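Engineer: The residues making up each chain are set out below.
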Amino acid sequence: MTSSTDMKAPAVPDVPPPPAPPRPPKKARDSRRPRAPFRPYHLFFYLLLGAVAVSSISAYAWVFNVSMKTNGEFISTPPWQIAETWRWDNYVNAWDRAHIGMFFGNSVLISVASTLIGVVLAVFAAYPLARIAFRFSGALLGVFLMGLMIPWMVTFAPLYLIMRDLGLLDSQLGLILVYATYNLPFNVFVLVGFMKTLPYELEEAAAVDGAGPARTFVSVILPLLGPGLASVAIISFLQNWNEFFYALLLIHSPEKMPLPLGLFQLGQAADYGTNWSTMFAGMMITVTPVLLGFALLQKQITKGLTAGALKG
Amino acid sequence: MYKAAQRRIIVPFLAPALVLLAVFFLYPLIKTVDLSLNEFSRTGTMRFVGLEQYRLLSGDPDFYNSLKNTFLITLIGSGMLFPPAVAVAWALSQRIHGERFFRFVLFAPVVLSVAVVSLLWKFLYHPTLGLINPALESMGLGALAKTWLGDPATALAAVTFVSVWHGIGIWIVLLCAGFERLPEDVLAAARIDGAGEWRVFWSVMMPMMRDLLRVLVVLWVVQSLQTFAFVYILTGGGPFGSTDTVGTLMYRAAFERADFGYAAAAGVVLVVIMLAVAKLLNKVMKRDDLQY
Amino acid sequence: MVKAVQKLMVGLAAVSCLALAACGGGSGGTGGQAAQKAPDAKNWRQDIKGGPIEVGVLPAVGTPSLKFLEDIAAAMEKDYPGTEVKQTFANTKTRPALEQRWRAGDALDVDYTMFDGTNPALLDWADDGALLDLKPYLDQVDTTTGKPWLEQFSPAVMQFMQHPKTGKVYGVPSELSLQVLFYNAALFEKHGITPPATWDDLLKAADGLKAAGVDPIAVTGLFEPYMGMWSDNIWMRTVGYGKAREVLTDGKGSITEDPGFLKGLQMLQDLRDKKGFLKGFEGTDFTAAQAQFFQGKAGMILMGSWLVSEMADVIPKDFKLGVLQFPTVTGGTGDQASMLAAAQLMSVSAKSENIPLSLEWVRRVVSVETQTRRATEVGEVSAVKGVSSPPGLPGIADVVAKADRLQAAYYGLMQSKAKDVVYPEIAKLMFGKQDAQQTLENLDKGLRRVHGG
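If you're matching them up, the sequences are chains A, B and C in order. Numbering follows numbering that gives the first Met the number 0, in which position 102 of the first sequence is assigned residue number 101; successive positions increment by one, without gaps. Numbering follows numbering that gives the first Met the number 0, in which position 77 of the second sequence is assigned residue number 76; successive positions increment by one, without gaps. Numbering follows numbering that gives the first Met the number 0, in which position 76 of the third sequence is assigned residue number 75; successive positions increment by one, without gaps.
Hint data in this document are derived by calculation from the structure and do not stem from the laboratory. All figures in this text were calculated on a predicted structure; none of them were measured in a lab. Quick reminder that beta carbons are idealized off the backbone N, C-alpha and C, glycines included. Careful, some of the hints might be misleading.
[Said to hold, decoys possible] Restraint-style ranges between C-beta atoms, simulated for each label pair:
| no. | chain 1 | residue 1 | chain 2 | residue 2 | range |
| --- | --- | --- | --- | --- | --- |
| 1 | A | Thr-287 | B | Arg-99 | 14 to 24 Å |
| 2 | B | Leu-143 | A | Leu-295 | 35 to 45 Å |
| 3 | C | Thr-91 | B | Ala-3 | 53 to 63 Å |
| 4 | A | Thr-287 | C | Lys-146 | 49 to 59 Å |
| 5 | B | Arg-99 | A | Leu-46 | 13 to 23 Å |
| 6 | C | Lys-209 | A | Val-107 | 55 to 65 Å |
[Stated by the list, open to error] Every beta carbon over 12 Å from chain B, so not counted as near; a handful from chain A, in silico:
| no. | residue |
| --- | --- |
| 7 | Gly-71 |
| 8 | Glu-72 |
| 9 | Ala-82 |
| 10 | Arg-86 |
| 11 | Trp-87 |
| 12 | Asp-95 |
| 13 | Val-111 |
| 14 | Pro-253 |
So that you can see chain A by itself, here it is in the shape it has in the complex:
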């Protein structure tokens, strides 16, 4: 399907960046970039940020508002009208119907485990691809890139058969491995991009200090990846948290199902039974912990960045 030349000359960054100007290793960057003083063009920033922020907050406000309406209210009032009363029983319904309590634990387990595997394996794979010149590095990166091009409408059938042969059907481990695998290409791709921007003296200096390559990787490179690592972790996690089709395909027992399958039923009840409020309530229930997690993680990113910068 592709000629060998395609594989040899992969569509990925393959030229090492020119060496950055040597920097005194101890000085490094400031632990945290200071807040820039206000400049007139910041107005433009605020305007842009404000617009995007307003749109996303209104989306949540809308979802929340609808989750407080009855279905009749939802359909008979303009979509933007405020709900008549606080109607928390939609939440109770959603919790019961979508088996959120049961599915939630499954989702946490599956998403966390697959994200962890996907990120850890990607970091290890990205390092040699980004920082070590070897014969097939370009081709291998090309293979990972191809992983981003899954025509899942077709590959799902052979995937199902191989999962069956491996005894991984209807198993959370199977789903975890599939998710981790489908996170890998993106993670590797992004991390290679990040790692290439690090100055090459880092390794050289470590080598002079007598550190082996594995140790150099763990103690010098890894800490510098803070923000990049956090971003791919968040993105992988979200993907795994929201993924629906492979879960539907590979998990058959209700007690093993993740949340999107529960939400899916709520969505179908909305489509074929006008049960919108419950779906929106279910959405709010499942989104809130993720948002909270993200808020907390954001601090970690900042911390990670600071720590990385200090060590560098």
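Based on the hints, put chains B and C in the right spot on chain A.
Structural biologist: Chains B and C only, in chain A's frame:
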């Protein structure tokens, strides 16, 4: 010597990821090529037909139409995505007031499911009950009111916009990580040299971010060429095929008609196109010999 | 394969044109592999033993429709110790995953959408021996009624249940959907508009509604097959079901041959030019279109009879609904009394480990008792004789009585490539992008392409 030591870690570092990739991705993908050479019955029995599916594909106007739309989405979407995403990430990197809050809020839509976001925008776009048309009318811009999703002239852009709106947080997070990692001393040096902020951004930051941007553009292209979910829910490919993408075409072939051979052939062609475009982009966006 | 399908379709066309009840006698036939391990049909009910079975269900979790099925499952678990009925959601969007399970030999015991005698694309599973021939069981006398089980069903639905070539039965309908014209009876009364019986009435009603400041007809522009319901029904009246199906589905003859096609398109164009459809329908999705009808913003909607059970929760209490058959066309050369319909069919896997228990599940779902409860409480239309019409659909009994024949909705196009030709062209016509003549030409071109004419 260090180089030799480095070489020894290549295999153990790469092997686990490659094993997973081989089993769960490469094998199914190779199998897909195999499927594309067969004709299927709904029950899965197949018959080898050689390149017949590709011949059918090449004579199918729906396929060309879906290819055209897919490229349009990629193009229009990159225009909708990158300028604001870069601007926002730049703004956040300046640590303006409320940076944390904005960061959080910008990312929030990503967490919502495609189904809910689609429903929301179906209402926003609704020609009479929606928010956009009445707003335009109240501003005296009634002439701009459209049946957004129902007009072949606007449907594609409208669908693309929803998918960009939903996903922009991810790109902002990645771009922010890029901005954060720019060496402060270089920026400071530029500022000391008297460069204005705009100049620092354009002539110092952007060139340094070039590798990352290239990666992100390639990612966007590869991702948007596979556009499926929002199109499927918002318009189902209509009106009359004006938003039909290769993704929705494959979905119909595989899941409605159980025509796996045809869907696989379309998938293989799409993968080849993606590889070619990604390679081309890399050539075009390749770093000039920049010094910084 | 194409040849085989074409052959099947010839047979299908022939069979579906007959009154199907007549075919009932020719059972047996050459036993496929399906029958091999199937239990003796005579006393299958005595053979029922408890055990685990997995059954596909259409209603989503938490909906009233699912409650009935859960009750049946509970009763079976009580009656046959050791029984465990696993209910797996089997609606449209789960089909890819579930069909993959069938392909991999991991089928559900009872599933939906595996067979439809009127749809050439849905005969494959039966032909490959994946489904149990239910005919022998349906021929057994049901002790509760004293008649063969098969006679429980309206003869009009036999065409869906039965394989057009072999006469074997592979599906049993748990519910029926009929394409009918709903109207807002209160609105019609208030403005002195007569519910339309003919196409001319319909045009008059549209004028009346417009004069009253109401959009005449709600329709979604975002789902093409729902717009296609209009051309489907019109063509049934102006061309006739059999002939239209030959051209559209079987690819026999050309759409330009029978003048009824152009006439039908012209009628649709007239309705469009009258501004008969909801303002902004092009960008209105089906939920919103239906909502606008129930809010009195549109006077009529052509929809499946599921509309009422689907919207049950949100129909205003004082809403007065009327139900009509699709208007007849005076001077039309097609079928004036037929009605388009679809059946939701349950099929049993030939490889099921517990066929008697699976059959028992099917039997209970379609029992008069369950069907009656579903009709009265949820508003589903039943294919079982003696089940009262849903009270939420006033007048549906008359409408059904007037119909001389049920015909397959969408002409059995939905799983075919021709669907992607026909409905987009109809949408273009309704959107005002082309006139009737251009539509006909494009349809002709497209149909020739997909049918290899």
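Engineer: Are there hints from earlier that the structure breaks, and if so, what are their numbers?
Structural biologist: none
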